[in-house]
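Chain order of the listed sequences is A and B.
Residues 1 to 432 (full-length UniProt numbering) are what the first sequence spells out, left to right.
Residues 1 to 315 (full-length UniProt numbering) are what the second sequence spells out, left to right.
I should point out that these hints are in silico values taken from the structure, not numbers from a laboratory.
We put the CB at the ideal spot given by N, CA and C, even for glycine.
Fair warning: there could be bad hints in the mix.
[Stated by the list, open to error] Each computed DSBU-like pair below joins lysine-lysine, with the alpha-carbon atoms no more than 35 Å apart:
1. A/Lys25 to B/Lys125
2. A/Lys179 to B/Lys96
3. A/Lys291 to A/Lys112
4. A/Lys291 to A/Lys315
5. A/Lys315 to A/Lys64
6. A/Lys52 to B/Lys125
7. A/Lys64 to B/Lys125
8. A/Lys52 to A/Lys169
9. B/Lys125 to A/Lys373
10. A/Lys238 to B/Lys125
11. A/Lys388 to A/Lys169
12. B/Lys188 to A/Lys367
13. B/Lys256 to A/Lys367
14. A/Lys315 to B/Lys188
15. A/Lys5 to A/Lys160
16. A/Lys148 to A/Lys112
17. A/Lys5 to A/Lys262
18. B/Lys188 to A/Lys366
19. A/Lys5 to B/Lys164
20. A/Lys367 to A/Lys315
21. B/Lys256 to A/Lys148
22. B/Lys164 to A/Lys148
23. B/Lys256 to A/Lys5
24. A/Lys160 to B/Lys164
25. A/Lys315 to A/Lys85
26. A/Lys160 to A/Lys52
27. A/Lys388 to A/Lys160
[To be verified] Which bits of chain B does chain A cover? Going by a derived footprint, with three or more residues having C-beta under 8 Å, they are:
28. 190-199
29. 206-214
30. 300-311
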Amino acid sequence: MPLTKDLNVAIIDSNPALSSGVSIKKEEPPDPRVSTVTPATISIFKEIGAWKYIEQNRHAYFDKMQVWDYTGLGYTRYNARDANKEVLGCVVENRVLLSSLLSCLQSADFRKTIYPSRLLTLHRNSSSTKVDSHSSGLPLHGQGNLVKLDLIDGSSLHAKLVVGADGSKSRVRELAGIKTTGWNYSQNAIICTVEHAVENQCAWQRFLPAGPIALLPVGDNFSNIVWTMNPKEANDHKMMNGDEFIKDVNHALDYGFGPHPKSSMFGDGGIFSWLKADVTSASEFFEIPPKVIRLVSDRMMFPLSLMHANNYASKNIVLIGDSAHTVHPLAGQGVNLGFGDAFALSRVIAEGIAVGTDIGEVTMLKKFEVERKTANIAMMAILDGFQKAYSVDFGPLNILRAAAFHVAQHVSPLKRGIISYASGEQRLPLFS
Amino acid sequence: MAFKLPNQLRALYTATNYHHHHRILSPLAGASQSFVFSLRRLFADVPPLSDPSSAPPPLYPHSTKTSLAPSSLNQYELAKFAAIAETWWDSEGPFKPLHALNPTRLAFIRSTLCRHFRRDSYSAKPFEGLKFVDVGCGGGILSEPLARMGATVTGVDAVEKNIKIARLHADLDPSTSTIEYCCTTAEKLVEEQRTFDAVIALEVIEHVAEPAEFCKSLATLTVPGGATVISTINRSIRAYATAIIAAEYLLHWLPKGTHQWSSFLTPEELVLILQRASISVQEMAGFAYNPLTGRWSLSDDISVNFIAFGTKNSQ
C-alpha cells in the first residue's frame with residue numbers, strides 16, 4: 001500500500017527461522033501443526049503477494065466437508081459448489097505459512113529490521129493526554145509520544161505503535177495492563193499426522209461425547225487429526241502406542257460410540273424438500289472417512305480455552321490475533337480471525353496516514369477495535385455455543401442437534417449462509 | 001430569493017451592536033449575559049471585556065489602536081476558548097466532538113487540495129513544499145495532521161494559552177515540531193505581508209465580528225491561484241436545533257454559549273463575501289453525524305455544518 005510504504009517496521013521475534021529461513025524438505029511428512037485457511041484469508045495472502053509461495057509447498061484445498069455426531073441421528077455435507085465457490089478452504093502447515101510470509105517480507109521494499117530477541121519491558125508516557133501549559137519547564141518521560149521497548153538481549157528501541165501479535169500468553173498485553181475474560185474448556189486437543197491408502201479430499205468432523213475428532217486433508221495421502229477430549233483421556237491417547245492409537249482413531253471415525261446416520265435417499269428431505277432444490281450436497285449420501293493406516297508424526301497435546309481481551313487498543317499499543325482472542329479449534333477459525341485482524345489494522349493505519357493521524361493515537365486504534373471486536377465476538381459466541389451444545393449427552397438435546405443437522409443439510413439458504421460465514425465473508429448465516 | 005441576500009448581507013455589515021442582536025435573536029439572552037460576567041472574573045490574562053451595554057470597539061486595521069485589540073475578533077469569543085484551553089488534547093474532554101470531526105474535515109481538505117495543487121493522492125506526504133496557515137488553530141488539532149502530510153504549517157490563534165498548548169503538544173512528535181505557532185491574528189499577518197499557498201480557517205468565522213473583513217484578510221494571505229478553505233455552521237433553523245440546542249444544551253458537547261445563531265453564515269452569504277474578496281468557491285460539502293455509530297462523514301447536506309474550498313483569482 002503506497003500510503004504505508006514509508007513506515008519503518010521492527011519485528012521482534014526470537015524464532016530463529018526469521019533470520020535463517022524455514023527449511024522444508026519435500027520428502028518429509030507434514031508437520032502436525034497445521035491451519036485451515038478460509039477463502040477470505042487466501043485472498044488476503046494473494047493481495048499481499050504471499051500466496052504464490054504457499055503454492056510452491058505442500059498445501060491441500062478441499063471442497064467438501066462432512067459433519068456428524070455419535071448419535072447417528074443426522075449428518076450434514078457441505079460442498080463448495082453450494083455457495084458457488086471453488087473451495088471451502090485450504091489446509092496448510094504452519095511452517096509453510098511462516099516461510100511464505102517471510103519470503104514475501106524479504107521481497108517487500110519498505111524499511112524493516114528483525115530483532116531476534118524477546119520483549120522485556122516497555123515504557124510509555126502517562127496516558128493522560130492533557131497538556132498542562134504550566135509544565136513547559138519539565139522534561140517529559142521517554143521521548144514524547146514514543147514507546148521505549150527493552151529487549152531481553154539488552155537492546156532497546158523506540159516506536160510510535162507497538163502491535164502485540166505474540167500469541168495467547170502475550171507479553172505485550174501483560175505489559176499494557178489489558179485484562180482478559182474467558183474460561184478453560186475442560187478439554188485438551190491431540191494433534192498428529194496420519195497416512196491413508198488413498199488421497200483424502202474431504203474435511204471430516206465427528207462430534208463424540210467427549211469432544212469432536214477432525215480429519216483434515218493436508219496433501220498427498222496425508223491427513224491431520226485434531227482430536228478433542230477430556231484431559232485424562234487425552235493424556236492416555238498421547239502415551240499409548242502408535243498402533244493402538246490408530247485403532248482408536250479408526251474406531252472413532254467409524255462405528256465407535258454410535259451408529260452411522262442414515263443417508264437421505266434420492267435427495268428426499270421430507271418437509272424440507274421444497275427448499276433444497278438447488279444445492280448439490282443435499283442429495284449426497286453419508287460417507288465413511290478413509291481408513292487411517294499409519295501414524296507418521298509425534299502426537300502433540302495442548303489445552304483448549306476461550307479468551308478475549310477486554311480491549312484491543314490502548315495508547316500506542318494494539319493487540320491482534322491470539323493475543324487478543326483464542327477460540328476452540330472445532331471450526332478452524334482461530335488463525336483466520338487473526339489474519340482478519342492484521343488486515344483490518346493495516347487498513348485502519350493506511351486510512352489514518354491519509355489524514356495525517358499519529359498512528360499511536362487511541363482514537364484511530366479504537367476504530368480498528370470496534371470493527372474487529374464485533375466480528376470476533378460474534379464468531380466466538382457461535383463457536384462457544386457449538387462447543388457447549390455438543391458436550392452434553394442428553395436425549396432431547398441429542399434430538400435437537402439431529403434436527404439441526406437435518407435443517408443445515410436440507411435448507412439451502414441456510415447452508416449457503418453457513419458456508420459463506422465460515423469462509424470469512426463477515427455476514428452472519430441467518431440475517432443476510 | 002436572490003434579492004434577499006444583499007439585504008441580509010447589509011444587515012450583517014451594519015451589525016454594530018453585537019449585543020443588540022444577541023438580545024433579540026437568542027432566546028437565552030439572560031443566561032448568556034451572566035456567562036459574560038462570570039468569565040470576566042475568571043480570566044485575567046484575556047484583555048478586559050467591554051461593558052455589555054456598549055458597542056464593542058471598532059475593529060479594523062485603519063483604526064489607531066493597532067497594538068492590543070485583535071481586529072475582527074471578539075473578546076467575549078476569545079474568553080470562551082481560553083476557559084477550556086488545557087483540555088484541547090484530551091480526546092474524551094470538552095473537545096471530543098472536534099476530535100471526532102477532525103478526520104472528516106481532513107479528508108475534504110486532502111481531496112480538494114491534492115486535486116488543486118495536482119499532487120499524488122496516494123502519497124503519504126502530498127503537501128510537501130507547500131505553505132499552509134491554520135487560522136484559529138486552537139491547540140493545533142488541524143495543524144499537526146497537515147504537517148504530517150508534508151505541509152510547512154503556520155498556526156495562528158488569538159488566545160495565548162492555546163498557542164502554548166499547541167507548541168507543547170507539537171514538540172512531542174518530530175514530524176510536527178517544525179510547525180510555526182504565533183499568537184496573532186489574520187490581520188496582523190496581512191500587515192507582515194505573509195502569504196501562503198493555502199489558507200485554512202475552520203470553525204472560526206462564526207466567532208468573528210466582521211466576517212467580510214475577515215474574508216478579505218484571508219484572501220490577502222492567499223497567493224494568487226492559491227486555496228482558501230473555510231468551514232462554519234449554516235444559519236438555518238435546523239442548525240439552531242442541532243448545533244445549539246442539541247449540542248450545547250442537550251448533549252453537552254459544547255459549553256453553553258459557544259455559538260450564537262446570529263453569527264452563523266448561510267452558504268450563499270459565505271460565497272458572496274468570498275467572491276467580493278476575489279475568492280471563487282469551487283466545492284462545498286456538509287458534515288453529517290450518525291448517532292448510531294458516533295461517526296461523522298462528508299455529505300451533500302449543507303444545512304448544518306459545511307465546509308467550502310475556494311481559489312484566489314490569479315491577477
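Now for the hints, and whether the structure bears them out:
no.: 1; hint: A/Lys25 to B/Lys125; result: violated, 45 Å
no.: 2; hint: A/Lys179 to B/Lys96; result: holds, 26 Å
no.: 3; hint: A/Lys291 to A/Lys112; result: violated, 47 Å
no.: 4; hint: A/Lys291 to A/Lys315; result: violated, 53 Å
no.: 5; hint: A/Lys315 to A/Lys64; result: violated, 45 Å
no.: 6; hint: A/Lys52 to B/Lys125; result: holds, 32 Å
no.: 7; hint: A/Lys64 to B/Lys125; result: violated, 48 Å
no.: 8; hint: A/Lys52 to A/Lys169; result: holds, 31 Å
no.: 9; hint: B/Lys125 to A/Lys373; result: holds, 31 Å
no.: 10; hint: A/Lys238 to B/Lys125; result: violated, 57 Å
no.: 11; hint: A/Lys388 to A/Lys169; result: holds, 24 Å
no.: 12; hint: B/Lys188 to A/Lys367; result: violated, 40 Å
no.: 13; hint: B/Lys256 to A/Lys367; result: holds, 29 Å
no.: 14; hint: A/Lys315 to B/Lys188; result: violated, 39 Å
no.: 15; hint: A/Lys5 to A/Lys160; result: holds, 16 Å
no.: 16; hint: A/Lys148 to A/Lys112; result: holds, 18 Å
no.: 17; hint: A/Lys5 to A/Lys262; result: violated, 57 Å
no.: 18; hint: B/Lys188 to A/Lys366; result: violated, 40 Å
no.: 19; hint: A/Lys5 to B/Lys164; result: holds, 34 Å
no.: 20; hint: A/Lys367 to A/Lys315; result: holds, 13 Å
no.: 21; hint: B/Lys256 to A/Lys148; result: violated, 42 Å
no.: 22; hint: B/Lys164 to A/Lys148; result: holds, 26 Å
no.: 23; hint: B/Lys256 to A/Lys5; result: violated, 45 Å
no.: 24; hint: A/Lys160 to B/Lys164; result: holds, 24 Å
no.: 25; hint: A/Lys315 to A/Lys85; result: violated, 41 Å
no.: 26; hint: A/Lys160 to A/Lys52; result: holds, 32 Å
no.: 27; hint: A/Lys388 to A/Lys160; result: violated, 42 Å
no.: 28; hint: 190-199; result: violated (count 0)
no.: 29; hint: 206-214; result: violated (count 0)
no.: 30; hint: 300-311; result: violated (count 0)
Hint compliance for this structure: hints 1, 3, 4, 5, 7, 10, 12, 14, 17, 18, 21, 23, 25, 27, 28, 29, 30 are not met, and every other hint is.
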